[in-house]
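A.B. asks: Here's the letter readout for the chains.
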Amino acid sequence: MSDLIGFIPLAPLLGFLFIGFLNKSLTKGWVSFFACGAVFVAFILSSVLFFNLLNAPEGQAAFTYTAFDWITTGNFSVSFSFLVDPLSATMMMIITGVGFLIHVYSVGYMYHDDGFRRFFMYLNLFIFFMLLLVMGSNYLLMFVGWEGVGLCSYLLIGFWFKNQDYNDAAKKAFIMNRIGDLGLILGVILIFVTFGSINYADVFSKAGEFPVGSEIITWITILLFVGAIGKSAQIPLYTWLPDAMAGPTPVSALIHAATMVTAGVYMIARNNVLYTLSPFTLEIVTVIGLATALFAATIAIAQNDIKKVLAYSTVSQLGLMFVALGLGAFTTGIFHMATHAFFKALLFLGAGSVIHGMSDEQDIRKMGGLRKYLPITFITFLVGTLAIAGIPPFAGFFSKDEILANAFAHSKVVYAVGAIASLLTSFYMFRLFFLTFSGENRASEEVKHHIHESPKSMTIPLMVLAVLSLIGGFMGVPEVLGGSHALNNFLSPVFAQSAQIAGEHHHLDHSTELILMGLIVGLTLVMIFIAYSIYVRRKSVPTSNEASLGAAHRLVYNKYYVDEAYNTVVVKPLYFLSKVFDSVVEKLLIDNIVNGTGKAITWGSKTLRLVQTGNTGFYILAMVISIIVLLVSRSFL
Amino acid sequence: MVLLLFIIILMAGGVVAWIASRFNETVGKIIALLTVSADLALSIMVWLNRQAYLDSSQDQWMMRFNAEWIPTFGISVSFALDGLSLLMIMLTFFLGVLAVLTSWKEIEYRTGFYYFNLLWVLAGITGVFLTMDLFLFYFFWEVMLIPMYFLIGVWGHENKTYAAYKFFIFTQASGLLMLLAILSLYFIHGSANGTYTFNYFELLNTTYSPEVGRLLMLGFLAAFVVKLPVVPFHTWLPDAHSQAPTAGSLILAGLLLKTGAYGLLRFVVPFFPEASLELAPVAMLFGVIGILYGAILAFSQTDFKRLVAYTSVSHMGFVILGVFAFNELAWQGVVMQMITHGISTGALFILAGSLYERIHTRDITSMGGFWARMPFMAVIALIFSMASLGLPGLGNFVAEFLTLLGSWSANRTLTIFAAIGLVGATAYSLRIMQKIYYGEARMDPHRSSHSQDLGTREKLIFIPMVLLIVWLGVYPQVFIDTAKRPVNDGLKLSEQKIRKSFEAREAVLNQKGGAHE
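Residue numbers (the numbering used here), protein chains in the order written: chain A, 1 to 637; chain B, 1001 to 1517.
Bound-form chain B, shown alone (with noise of 0.2 Å):
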């Protein structure tokens, strides 16, 4: 029921903050923050409640909601949570109430609306990491890319609606391959079974042959490459990212992508293993061209968001670099590289946001000197360009350490490759102190004016942001035992369908030798 909630809570949530808004903008606002936050205090009691569920070795579900919505064609309101998902839900309401609190000043018309288009794009992602019906799935990453056009669309800057176009393109493009694929499987399974469902744990039972499931992973694989990014399919992002409200950067950044990587882990793997399996080195190559690929064009970028977007392609390189690697290491180190990329990438674009609310450009080349006058800001960038270039106390080095340290065994050449782009993250990320707070002020003495450093709200949102940074980065454990089931439970079921189909292939074999003697 929990669960269930959590998405009405902010489906409502919108709706009624945007009503108020007609009558009261500062009422919308505060609707909007106090409906994530109790979302965010209701996941954090389901966090503290998570012991029995690390404890019991029986079900991998720590919370499971069922109810019919379209029976005659199998369709249910199913949900179902376990450490991946909570870790998840958690990194989205987190994020969520820091949305909330940098578009207070930022956005100054249509706020309503806004506040509403926010809560839905949070109630998609919510929905798309609870939801274990394929077709409510479908739905619910509908959601989040609707409201995620017009957040980008009307509130973005100069070349909004190009970079909302083609935002828009893309992820519609990719998601209708997925919409193929997840109607393939439902009347492959319907089928074969008897019983047509759209229902995860009945499909992940369905059989096929592997040309079949070749070609059905594809086409989830192309909307969750796509959402990643993959190298070459990532140039929405850039263009997304820099045209966005800070609101909708930090989403898009650290939501958004991240539902590609949890889509990867959740479906493509459990469901394809094998043919997962057979494109591994392929994924893993394109794992790697992306970090090296990402790292160096950031290093070129005078658009601090782009810069920060491209540094978000290399970071997401080895994410599949992690995933299909196929080893706890590997995971573990996915599943934190998307926590903390989520809440360092985050904490850059609020960063630009509140340089461009100062200064209004996001021209790095104009900027410079900002140290003087802004301390306190320029401490929490250094924080935070330290940790996107994995300095080890903050969480991404143990997220990429996992990573290189999982995916070694699986592919030497490719890890050390990998590797290669810690030292191009160092060049990028020292780029940021150079050019911004470094230096002498460049900007004439009358455009910064209004520089002043960070003001309380602007705290609120930075500290937490800094203490759970190093949080994750000097006592991770927390959060990789909660992990630590689905990964292996992840891991087995796949281990066990490769050994399954392998093993059928052998009696196949056995039967027809037989035929010949």
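This is chain A alone, in the form it adopts within the complex (with noise of 0.2 Å):
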């Protein structure tokens, strides 16, 4: 079994090798068949191992497997070795699956553009980083995965890299990126340090040997969390992914909302044991999330971009996932995740259907009605909306109420805040939902013309998602709803170590978790229903003009001026350092300094070429002179 582990990360990195070297000489078809059929066999072989854990014997919880020893010396050692576990297998299921299904969406969307090609090397090339990221059984391995997941996103985040803005966009994204990174090298330093090995095996067994709350894992966590922060997109680091949103749509929707931005979600999770032993950054991964929950649901209120609004939904629904982790919930923080990316890739995907029908426009208010005119989209996205919502039985609802559970259980501000996000959340999807599908079409005459629903290969990838954010909640159903919760019992074996040291958790009962869900879904149908009146009844639109804005309003339309801040705060002093430098300390000090000394010499040889007058009456004269001063000098000393 384990040999099999090999080849998923392989199959995706030959077919970016295949299709780089033979680029010119294969027809979109064949580079088509073989991006798409590498993730495909990636998937089949996925799910062999997913299944074979799902109905593997007590204790035999993992498959691992080493392809070579990639660094040894003195005390370090790492190795390319790879660790299937429940954990991972989750990952991989999502990476693949979800994946293949954004590529062969992607064979429709992109066919008519000239990077095709280029389009889809990258798009392997990411799911194998991916795969290495989730699959690496050591720090050092996760970081390749991670950082080579990175290059991917700048890669294709300006995939059109014509325009200045996305390739600005694409170089945001990369810098705010690597300054998490930083965090989480570091944190891979202190831990090599403190533990002598940075496989995850060696760490966490040692880690039982530290205490609760030990201030040597408190830094190593919150190191770790800090890159979290960047690839996650968590205040204060998330600015870049509403500017991601350059990129081609299945990007979004792959790297930008499944996948790559869940990275510090699987790598809290799969750290759950050292989180675990520091409650205090379980406190602040807590706090971050939950700001961020807040704090991008109101932003996504007021954009009239239909990306922008699915991107801040992302940065919204992330900090979610965090609240959960910090709660120390990972299997939840996991189930939402999962569940986040099906609708979230349907809600991405559907929104790439309509800007293709809509002549690649974006803006909601130049839309409406689209429902005639793209039926099957229309289904779909109203599925995804419903699901991320939380109206059951779609998947948002049992995973998104799972959260807020925990959140009552542990406290009431961290629920009632969360509470607010997830109301926030259903009100601005269902204005996103209302303005671009029913009403009046709002486009120009010539745009209104040529819209169309998109080919097959788009829409059959809709409709799976669309059945899989229906179903995908099923995975865990509540006991109090009569389920068992599956995934919890298939994760149960990676978290263990953490819920022995963590001890037992308190659980709401019944009557109270009842109560809560009756109310949350009561409010969240008040908030569709205000959306309902405001953008259908009303027939309402936001306006253009920025000026007749409330201020309130201004502040949430403009995101804060968070981007602006940074741009005076951090961009300018810096690139003003950098000329400073130059031309200060480098032109006029060091270099004056060195052509002075040069000046100096050249001007002291000059004169000093005077004394050589050829005059032997001069040089009499001198040489008495200096041996008077000799004498003087040496009967004073």
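None of these hints come from the bench; they were simulated from the model.
None of the values given here were measured: they were computed from a predicted structure.
One thing to keep in mind: the hints can contain errors.
Using C-beta positions, here's what the derived DEER-type ranges look like [unchecked claim]:
no., chain 1, residue 1, chain 2, residue 2, range
1, A, 623, B, 1193, 39 to 45 Å
2, A, 543, B, 1302, 38 to 44 Å
3, A, 621, B, 1507, 55 to 61 Å
Some residues of chain A that are not near chain B, with every Cβ distance over 10 Å (derived) [stated by the list, open to error]:
no., residue
4, 189
5, 284
6, 375
7, 502
Note that the Cβ used here is the ideal one computed from N, Cα and C, for glycine as well.
Work from the hints to combine the two standalone chains into their complex.
C.D. replies: Next comes the structure, spelled out in structure tokens:
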């Protein structure tokens, strides 16, 4: 079984290399075949492993495979080895499964683009790195994947590289991620110094010797979390993700919604033992997640770009996942990550289908009434919206409810803020939905004329994802609704050690849980109704005139001016510093000292040359004077 | 014997190429190419036979060569090769072949003399990496300097004379300080032991008071620190790099800077371990300053070659940080950094040269949108920009990670600041891609009409570099194993010396204490 593992990341890597080397000689059909096929192979192999783990006897909870030794020097040793346990298997299923659907979708979406081959190369490379990230059995291999997906994200955001704004967005994403990665790499170094190894197995087994609240573990977990903040777009490093929407829409679905941005969630879940040992860091994770969830949700309310709304929504939902992790409910975090992967990929692909049908229009103020034109997109988008809003029995309901239930058990404040964030979510999502699909079409006549439903390669993935968004929640039906929470049972070996450290979680009694559930569903319906009355009954369309907005609205519309603030506080001063160093320190100071020395020597030798007069009398005089000086100075000293 | 051959082949090849060029320039070029290739082949043969050396635990040296030269003064022709110097000379010949290839079309006048200088620089560098006689070492140090001066001064760009002078004076002045230190060492050793010799192994055993040690170390350090370069002794580098012809920049960045790093590992630390240990915090601080300062400066450069030059300043900061961290991980990182930086920065300079051949400018603000026109070149640029920002999977990451891992235990705060350099590296590396290859074409079509994608010769240059940088990133173990013994022996020797002098001082103190009682 273990021998299969190596082929899983290998398949997309070969796809990448194959398309890369045969670039020009492959037709678009073959490119699609190899690119999709590579991911499909990875998906099939992952499924085999997944079901093997599912049916594995007690105790046989993981497969490992070592490809080769990577670096060994002194007491440091790390190898290219993979670990497939329930956690990574779950991730692999999402990455290859959703990844495959998005590959298929992209065939239709990108068909007329000049960079078709390049696009699929990047996409396959991304799957490869993402698989390394979740399959690596040590921190350094995870870091390889971590940085590799960052590279692919950079390349894909700036895919249409002729547009300078897109390039800037790509660069911003990369740099912000690297700021986070700084924390991650220092964390890895600290782990090595502390535990003498960077293999998960060694680290987690040795971690048991540390007491809860140990200072060094706190530092490690904080540093790792800094990495997660960058990759998963949390406050304060979230501003790259909305800008990342510059990339082609399938990329937004795959990388910036379903997989890469959840790497931070995976990483913390992977390190659950360390995080459980540091309650302080868990508090920080909760607070940051909660703040991000709320903050991003408020921004999403006032955005008019269909992809920007979804981007802020992603930031907000990631925040909720971190809340779950921060509460120590690791399974819940992974559960929401999985359902989110389904419905957010669906929503993004749906948005892509809308944009495709609307001749690249992304502004929802110019949409409306698309129900008639894009029936399949409409239905599937509705499913996605219901799922993210948390209407039972759609996927988002179960996972979001589980987060809120955990929050309630922990603290009422966390619960309240989380609930507000998720209510805002249902409002802005239905705002988006109504503005896009209901009412009259507000596009220009020319655009209207061209509106068309997308081809099958795009609609079929939409339908599959819609089904997943509908039934995906059933992998985690809570006890109170008569379920057994299959995901929880599956993942429990991964979190067994931390469950032992944390001790018994206090559970809500069933009646409280049911009341909370009813309350939140009821309020969600109210939010949907409000959105309905504003955008359908009153046919209100957001104004394009910024000046007419109220102060609060304008603040939100402009995303709290965070980008502007970063620009003024960080980017400009650094650039200024660079200029100052260049013109003052380099050119004025050091160069002048250097050139000055040269000039002084030239001047000195020129002056000294005058002494060489050729006049014997002068030489004798000089000699006599020198002798006198020598004698006098000797007698004095 | 092979060791001597390495240098003789280059020197003789240089002379022959010069003479041949007087009759036919192409023949001259081919002779130059064959000469360096022969050395490369020879060094690969040595490399393939390294296993016995790696397995044996006795002699630190894989090969040695000794012949008397001026016995009256204790000067001998003495060469030795260990894992470290093997890696270094392989890098030298590899980049040497590429240097000849990049010059193929670029150099249009006095080609014979050009290839003579090129091969003699390489000979000087090889000598520096191999020689075990300090007099000879200084000789080779000069041999690599003078032809380099000509390379910049004769075949350079618009401001070549100034750049050549600046380079010459910086390196010459610092080299003289080293000469003083070498001579002092010679006399101190001679007066103490009665045998006057420049032999490296003999001089290793010289003992001196801490004060003298400090002074002598500073003499050596001056030469190496200027070469490396360490801020604030770096200002010759941006000028020299930007003005030199492509091969000149390649050799400067890829090899000459490495002689500084090599000198630190081979001479400064083993000769003066105690003084080095004292200096370590300061040296590491300067390393970190270099990392950050170079990165910040690189960020606002508009001249492509100047930009890359400042990235070198930044990357070489890791070298000095690692050397003075005094542990195996950091030193392995340093050795990796020497190799990977040679390749990645070399590639960026060759890219700058290829662009210059096409559009006759190095100003990145006038470039843009070249991906559409030259996709192959853009992919190469992407790979080496990524190498330069330390993307895992490429060699530079392994180097920088090991260095940081090692330096953490030596100095935590400085390591954190050094790691910030990685963010800086991201900013400047991406700038290369943004300004040159992405965006709309800014240049007027007339000027860029010659900008075809890379030709066969250029592909032949870049593809081996790409393969090597990936190899270094994915499977660096072979290189680490090769450098293992020199690194460990160097550290062990320093430790022993420090312990011995510590014990000696203890003994003196005890005696004094005893006298008082």
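A.B. asks: Each hint: holds or not?
C.D. replies: We went through each hint and held it up to the structure:
no., hint, in the structure
1, 623(A) / 1193(B): 39 to 45 Å, "holds, 43 Å"
2, 543(A) / 1302(B): 38 to 44 Å, "holds, 43 Å"
3, 621(A) / 1507(B): 55 to 61 Å, "holds, 60 Å"
4, 189, "violated, 5 Å"
5, 284, "holds, 19 Å"
6, 375, "holds, 39 Å"
7, 502, "holds, 30 Å"
The earlier numbered hint that this structure contradicts is number 4, and it is the only one.
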